[in-house]
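Novice: Now for the letters of each chain:
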Amino acid sequence: MEKIIAGKSVAVNEEGYLTDFKQWDESIAKELAAEAEISLTPRHWEVLTYLQTEFKNEVPLSIRKIGKSGVVDIKEFYQLFPKAPLKTATKIAGIPKPASCI
Amino acid sequence: MSENKGEIKKMMIILSKGTLENVYAAFVLANGARMEGIEAEMFFTFFGLEAIHKKKLTHLHVATVGNPAMHIPTMLGGLPGMEALATSMMKKEMDKVDMPDVAEFLDILTASGVRLWACKLAMDMFHYKKEDLYEGVEAVITVGDFYKQSSGEGVHMLFI
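Protein chains in written order, with our numbering: chain A, 1 to 102; chain B, 1 to 160.
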């Protein structure tokens, strides 16, 4: 389905995740972050960039991997993206929701 | 289910067993709750205390006796070394699916905001002291304290 985000029409799935990463840009990230009541700081951007790099390299994401990334530890990850961090951060980053249980 | 439209706000997970498969089940459920934005607390009682006992948590085993799903005849399951063998096989498989070991899993849980409590009665029974436990355990509490922790809407309790 299509959704208007930051004035642009983008393809999203039923949970609101972008289905085509090429349509993602920073203004979309900002609006998706606002929906999750997060205002993006430079630390958020570092984490989002890391997640996108892992996605491009087809590395499956998990909380454990994030903790070992050297970019952010698990505690800070939960502080940056409270509630469901992996789900929220991947949505803002414009990449699919990870199917990890850990 | 009308309460909070059935939404789960917090999971209270009681772990009473010290076999590896039960410990992992409890840890995965607690961590999974946090990943979904659900609060989680764990109460370790009886053999579940082994999962947070500093000297024991690295030596947990899977049960090979009385566990038909292992497909090992009970007579063989009881032989010396069988538990250790089955455990090392299972740990290899866990490694393949990126499952952390017990110590690392405890670190992940506490970093994720899971609160850990130890049962006072079981601690007294096994003669354990707070210093024997993993540092992330907040306190040794009574079952009454645990019920108080569990008050509120959308709180669910799970016994393993």
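If you are wondering where the hints come from, they were derived from the structure by calculation, not from laboratory data.
For each residue, glycine too, the CB sits at the ideal point set by N, CA and C.
There could be a bad hint or two in this list.
Simulated coverage check for chain B against chain A, where a stretch passes if three residues somewhere in it have a Cβ under 8 Å from a Cβ of chain A [stated by the list, open to error]:
1. 27-35
2. 70-81
3. 93-102
Novice: Now tell me, hint by hint, if it's right for this structure.
Specialist: Hint check results:
no., hint, result
1, 27-35, "holds (count 5)"
2, 70-81, "violated (count 0)"
3, 93-102, "holds (count 3)"
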